[in-house]
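Each of the two chains sits in its own frame; use the hints to bring them together as a complex.
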Amino acid sequence: MAPRTAPADPVVEMYGITVERSGTRVLDDVDLLLRPGEVHALMGENGAGKSTLIGALTGTVPILAGDVLVDGAPRTPESVARSRAEGIATVFQESHLSPHLTVAENVMIGHEVRRWFGIDWSSTRERASAALAALGLEDVDPRAPLEDLSPATKQLVAVARAIVLEPRVLVLDEPTSSLDAAEASRLLGVVRRLRDQGAAVLFVSHFLEQVFEVSDRLTVLRGGRVVAEYRTAEVERAELISKMIGEDIDALQALHSERLSHHYAQPGEVTLRAASLGRRGVLEPTDVELSRGEVVGFAGLRGSGRTELARLMSGVERPDRGELWFDGARVQLRSPGAALRYRIAMSSENLRDDGIVAGLTVRQNIVLALQALRGWTRPLSRGEQDAIVDTYLDALRLSPDDLDRPAGELSGGTQQKVLLARLLATRPHVLILDEPTRGIDIAAKLDIQRRVARLAGEGVAVVFISSELEEVVRLSDRIVVLKDREKIGELSNGPGVTVDTIVEMIAADTGEAGPDAEG
Amino acid sequence: MSATSAPPPRTAGRLGAVTSHTLFWPVVALVALLAANTIFRPSFLSVSVLNGHLFGSPIDILRNCAPLMLVALGMTLVIATRGIDLSVGAVVAIAGAVALSFIATAPEPEAIGTVLTAIGIALVLSLLLGVWNGFLVSVVGVQPIIATLILMTAGRGIAMLITQGQITTVTSAPFKTLGAGFWLGLPVATLVAFGVFGLVSFLTRRTALGMLVEAVGINPSASRLAGVQARTIVWTVFALAGLFSGLAGLILASNVMAADANNAGLFIELDAILAVVIGGTSLAGGKFSLSGTFVGVLIIATLTLTVTNLGISPLVTPLFKALVVAAVTLAQSPVVRRKLAERAVRRPSTSKAVA
Numbered sequence: 001m002a003p004r005t006a007p008a009d010p011v012v013e014m015y016g017i018t019v020e021r022s023g024t025r026v027l028d029d030v031d032l033l034l035r036p037g038e039v040h041a042l043m044g045e046n047g048a049g050k051s052t053l054i055g056a057l058t059g060t061v062p063i064l065a066g067d068v069l070v071d072g073a074p075r076t077p078e079s080v081a082r083s084r085a086e087g088i089a090t091v092f093q094e095s096h097l098s099p100h101l102t103v104a105e106n107v108m109i110g111h112e113v114r115r116w117f118g119i120d121w122s123s124t125r126e127r128a129s130a131a132l133a134a135l136g137l138e139d140v141d142p143r144a145p146l147e148d149l150s151p152a153t154k155q156l157v158a159v160a161r162a163i164v165l166e167p168r169v170l171v172l173d174e175p176t177s178s179l180d181a182a183e184a185s186r187l188l189g190v191v192r193r194l195r196d197q198g199a200a201v202l203f204v205s206h207f208l209e210q211v212f213e214v215s216d217r218l219t220v221l222r223g224g225r226v227v228a229e230y231r232t233a234e235v236e237r238a239e240l241i242s243k244m245i246g247e248d249i250d251a252l253q254a255l256h257s258e259r260l261s262h263h264y265a266q267p268g269e270v271t272l273r274a275a276s277l278g279r280r281g282v283l284e285p286t287d288v289e290l291s292r293g294e295v296v297g298f299a300g301l302r303g304s305g306r307t308e309l310a311r312l313m314s315g316v317e318r319p320d321r322g323e324l325w326f327d328g329a330r331v332q333l334r335s336p337g338a339a340l341r342y343r344i345a346m347s348s349e350n351l352r353d354d355g356i357v358a359g360l361t362v363r364q365n366i367v368l369a370l371q372a373l374r375g376w377t378r379p380l381s382r383g384e385q386d387a388i389v390d391t392y393l394d395a396l397r398l399s400p401d402d403l404d405r406p407a408g409e410l411s412g413g414t415q416q417k418v419l420l421a422r423l424l425a426t427r428p429h430v431l432i433l434d435e436p437t438r439g440i441d442i443a444a445k446l447d448i449q450r451r452v453a454r455l456a457g458e459g460v461a462v463v464f465i466s467s468e469l470e471e472v473v474r475l476s477d478r479i480v481v482l483k484d485r486e487k488i489g490e491l492s493n494g495p496g497v498t499v500d501t502i503v504e505m506i507a508a509d510t511g512e513a514g515p516d517a518e519g
Numbered sequence: 001m002s003a004t005s006a007p008p009p010r011t012a013g014r015l016g017a018v019t020s021h022t023l024f025w026p027v028v029a030l031v032a033l034l035a036a037n038t039i040f041r042p043s044f045l046s047v048s049v050l051n052g053h054l055f056g057s058p059i060d061i062l063r064n065c066a067p068l069m070l071v072a073l074g075m076t077l078v079i080a081t082r083g084i085d086l087s088v089g090a091v092v093a094i095a096g097a098v099a100l101s102f103i104a105t106a107p108e109p110e111a112i113g114t115v116l117t118a119i120g121i122a123l124v125l126s127l128l129l130g131v132w133n134g135f136l137v138s139v140v141g142v143q144p145i146i147a148t149l150i151l152m153t154a155g156r157g158i159a160m161l162i163t164q165g166q167i168t169t170v171t172s173a174p175f176k177t178l179g180a181g182f183w184l185g186l187p188v189a190t191l192v193a194f195g196v197f198g199l200v201s202f203l204t205r206r207t208a209l210g211m212l213v214e215a216v217g218i219n220p221s222a223s224r225l226a227g228v229q230a231r232t233i234v235w236t237v238f239a240l241a242g243l244f245s246g247l248a249g250l251i252l253a254s255n256v257m258a259a260d261a262n263n264a265g266l267f268i269e270l271d272a273i274l275a276v277v278i279g280g281t282s283l284a285g286g287k288f289s290l291s292g293t294f295v296g297v298l299i300i301a302t303l304t305l306t307v308t309n310l311g312i313s314p315l316v317t318p319l320f321k322a323l324v325v326a327a328v329t330l331a332q333s334p335v336v337r338r339k340l341a342e343r344a345v346r347r348p349s350t351s352k353a354v355a
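Listed in order, the protein sequences are those of chains A and B. Under UniProt numbering, think of the first position of the first sequence as 1, with each following residue one higher. Under UniProt numbering, think of the first position of the second sequence as 1, with each following residue one higher.
No lab work stands behind these hints: they were computed from the structure. Hints may be right or wrong, so weigh each one.
[As the list claims (entries may be wrong)] Calculated Cβ distances over 10 angstroms to all of chain A for the following chain B residues: (1) Ser43; (2) Ser48; (3) Ile146; (4) Thr190; (5) Leu315.
[As the list claims (entries may be wrong)] Derived CB-CB ranges, DEER-like: (6) B/Val140 <-> A/Gly223: 49 to 55 angstroms; (7) A/Arg374 <-> B/Val28: 39 to 45 angstroms; (8) A/Gln332 <-> B/Thr329: 45 to 51 angstroms.
[As the list claims (entries may be wrong)] Derived coverage of chain A by chain B (criterion: at least 3 residues anywhere in the stretch with Cβ under 8 angstroms from a Cβ of chain B; other residues may be distant): (9) 216–226; (10) 328–339; (11) 361–370.
Glycine included, each C-beta is placed from N, C-alpha and C at the ideal position.
Chain B extracted, bound-state conformation (with noise of 0.2 angstroms):
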């Protein structure tokens, strides 16, 4: 109803230009967490080497927001083409539970060859899991809130079939290397998260993927008449998202070395779209920022140690996450933005009264 085109509101100088980046707030608050848990615990930010590791909190901030890092950065560019993908837990479930299976009736669960095979057909899974929400979208034409709300809901269920309804466990070294191990003083699974994460944000941003990607999520009509594949696109990035989730499944099952249908990642899906919010990508489509969403990814990983560093139950995680959230989009959004510059402008000067 009101005005909604006001001018941005004009803060002088560097310090106007830093406060106004999209992604100073996000960092403020990631900021912020960590100096809250400095302040509890003093040793909170130290890291120390033991046989070979690197051992200290941050480092497990870094291990444990692994497989929400890779879920993020396929829903990121799902959103970007104004797309949302919910199945992501149900893939995450199926590619656990698929890869232990298979380990666990192998002949030799401890050979490295059953371990790549089993990550191998866990992966081709959930890329055709991708693929077929994909294809519902870009081809038949289902809005995406729905297409993958039906993977969401059969997904756990193809889990249980998978796992036979049992938590299945394994013993497999190599297995558990991709979720536990460490590999140059760094755990393994934030090697592969934080390397597939860069790949893809170099990939956006030195190839043309990037500016499609914002196009198709802009105007998709005017994209296509211009001769972009809309289709291939929104295909291509559902895909993907599959692929990474089945990635993150991997890690979170390699992490607790066990399948469980129906808790393997639950309710990531709704992590994933608040750290792609928090980083400032709308979802409307469009412009999108990888550098928020690793940003966004790292302030829930933080959270959620931080409440069980402080001794509350993780049962209220979800009620700090919820203040972090509102804190954060708060910031973000333009109306409170605007309110903020004018009551900073309005005490120097006040001649904008009227004549």
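Just chain A, with the same shape it has in the complex (with noise of 0.2 angstroms):
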């Protein structure tokens, strides 16, 4: 146990960290010192190169040059397994857990408690459930199969497994992504109790806030390289956002305000109307009017049934009750593909297993949903694809140098540029994007926020989706508030509208209107 007030030695030592990825450096002439006591939190943008940082500590991503040490002794990273070995434990971005496995066994693999005869299964089931209780998950079964959980869940299921060895280093890459607020401040108590016992933790985040709740220290990269190192006690957060992008921080400011000018204008005529749409156990039936022109926002916490609404009205899940209707007439969506040929189009929240192809270019990729709309006879030449592929390149700052390479390589926020290009490539009437922001850094942001105010101003009927309700008060016109899969109201934004005013809309439904016991 290091005491908190000397700055100990460090424990992980990186310098000179020069890694490359199919010709391009990645990153250059890095140096990390991560110190018992103390999170260090990593930022930047998305390409940045704070993963290829990770994976260069815990071995999964080849060094060209550069040392790394531990406890002062170099070592060549080999394997995640090393690592941990080595006390050195990590959180992946997406969870990589096994959904078919124990909730107890994704926990505890590789360190079930042993005897002298095979494993004892009852102590491994208790220590999981330990690392869970941590986490506050005391009422998830370790018995039940991983694949039942909540995305969230699953998160905290894999911050579990890395902290069930106590760990000397604890690297968490975007743990808090999938989490809504109470969940995610649990997890940074956690943190702060692990730091207190002298562990030393690296933490990426794209929440500036919880950056700033739970570090010390701050460590800032852009384009592969360190550009700035702070205590975070010393550092304004307009200063750390500008060494992050650049620039920019005033566009923010002044999307927010040309889009409240647009609130006043007239919405258009009501394109598609969902009435008592609703699906048993999934969502309560639910009325919802988009308007020609308007950004309807869909707020509520994770679970509330905003991602359900969205489904059910996209044809990517079927209801079972209520009607759908579409330019005044009723319409039954029976695919995706089917609310396609309407131009209702959805990206999913989930970017990698129902987003991006990961093995198909980036050009493939935008053309997708087009071609599929098209039929496989009629193939887009390569002229129109040209086309296509060119109109979203400036529009959502893409690299050309990116179109040919699979789409897998890219970092998360091109694949959700990416993604938009494909859905945008259909010339939707209906765009209905859940969670597009999510996980990627403030320029791409700004970038899909952007794009999202123009369309609207094209005349697209628009559905934004957000865990961050600032984003979502910044470009909504309209916001239909969920809660515990009901509907429970709709604001009209405008200047008295704020975070706090849908904060408190939830907080005081006490759902007497009371969805069915049967879940």
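As structure tokens, then:
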């Protein structure tokens, strides 16, 4: 247990780390020191090299030049297993867990409690439960298969796997991206406790406030280089942001006021209308109207039904009650492909599983939906593809060098832009975006939000869903508030509406209308 | 456990580009096989004209590989969508049995009309069997290996029922043309198989079918959300696999003019999977290479002929197949390639040591 006062000797030292990937330098001469009893935040845009640096530390990314020292001794990182043996535990960005194993098995894999004859399952489960309880997951059955859990709980299970060994070095790569506020603050509490027990923590998050709340020191990466290092207590938010993106801070404000003036414009005619649309155990019957040229925000906590509503309105999931009307005619959307024929396009919150086709190139990913719409017999010619791709290259600030690379190699922010381009290529009348800005950097967020604002200006009916209520308030003309699988109200956005307005609305709802007890 | 995301080996220059091409090692294996045969028997590669037909070992290879070419074609598409079709051999047997039984009971077995009807019935039935597989996989959601195992097991029984347990033999010159005839000096079977293969290759790359198949194979869920009719695509490739297997069955039956429910197309599913794998298409689905499958089929056909030529008992052919497959897959494996590349790099420069 290192005392918190004196700066202890670093447990991990990384000097001059340089990494190349397919010829381009993704890390260039990066130094990083992790000290016991300290939370070190790693900040930067997508593609700044944060994940690569973590990979270099844990041994999943080969290093071209530079040294990694653990306890002052040089070491060649070889594998995650080896790193764990040295006390370095990592929680990866999108949790790499085994869906068919139980929760306990996922937490304890590789560290099962052993007796003279095989695994002691009851002790193993006990230790797993203890780790889960520390994260506030007392009610999760360690025998339940992981796949039955919500994405947020899965992410916490991934954290439990890392902390179960009480590691000396804990690496958290976007651990809070799919957590709601309460879950996130509980996780931050655990991080603080581990720090106070003397662990060195490397913390990566796009949530600025969480970084300020939990970290002691900050390293800012941009374009694979370290651009600044601060003590968290000594840095201004504005300075940090400008270090990360170098620009654009005013642009966000400009966007907000631009949207505000738009709020007073007359909304267009109703295009998509849900009448008592619902599905048993998924969403209570809900009424929503979307109009041309209007951004409607779906606000609510995780699990409130905002994603479910979006899926029911876009043919991803089939409703079993209620009706959907498009331009005055009743429609049945049997699949996302069917919805697309009405020009209703939807992007899922789950980028990696339901969004990007990792093995196809960026170009193919962009034209995929339009091609599916036209049918396989009418291929888009190279010229048509180029025309489509060029349109969105500039608008979304994509790099032409990336076009023929597999989309899976790109950063999350770029993948989100590719996904947006794919939907825009179909010239949608209704565009439903579920968490299009999750886990991506400020510059990419800004690009996407700008684009959304412009689309509304062009007459598209947009649904915008985000866990970050600031974003919803900034962009939306109207906000549909959901709670416990039910719509609890609707707000017309205006100067008086803030994040607090929505939070109070959710808090004030006592659930008198009450969803059926049955889930 | 160990690092999986090592950088690709950087082999310099044009030679590197050639050797790292996915088809490099399969083509090397094919050329090596042909060379070995030529050394053993210098006349191996010579082709002569006899009665207006081309004759020689290369022509034999091209003719013998026709059924496998068709089966492997369907298999490649199925594998690209993350599936597998174990029932192709059974469909081969059923198609042969149906066609020959029809011809045998027809009043005029030599009539063109009879033969065309027989072929038509067999092909429609094969297509329906493929549709059945596709239904189980794409609608019911049965895993492909289980879904097609059903027909693999049941299919030969169905063929037995059709032939009533006999090996049906017929005499019908028009039907014999399909498997043993020549046209413009070339075997009809080869022309049919290569024609279908070429047509499908053209269709997959000149229409968007190839991309959509790959998208579904790489990420079915994301493809569905992008509006791709994933179910239809999976269903279609299984139906095509059935149809192509049926055509293969007709060629096989026509070649021997007999329908043997027990042995026609026996283990052809394994040869087809081998050909696909040799050609560099991953069993995990996604990216597929029809040209790779083409080379894979030629390797297997050449190998079979080689064993016969060398005077080795055909019973040990599987052993030789296994050796070639092992060699080609090892040569294509990323791990082996990296090791070879490291060895090649280490010699000129040793500067990579830890400071």
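Right, here's what the structure says about each hint:
no., hint, in the structure
1, Ser43, "holds (46 angstroms)"
2, Ser48, "holds (44 angstroms)"
3, Ile146, "holds (17 angstroms)"
4, Thr190, "holds (28 angstroms)"
5, Leu315, "holds (41 angstroms)"
6, B/Val140 <-> A/Gly223: 49 to 55 angstroms, "holds (51 angstroms)"
7, A/Arg374 <-> B/Val28: 39 to 45 angstroms, "holds (40 angstroms)"
8, A/Gln332 <-> B/Thr329: 45 to 51 angstroms, "holds (48 angstroms)"
9, 216–226, "violated (count 0)"
10, 328–339, "holds (count 4)"
11, 361–370, "holds (count 3)"
Checked against the numbered hints given earlier, this structure breaks only hint 9.
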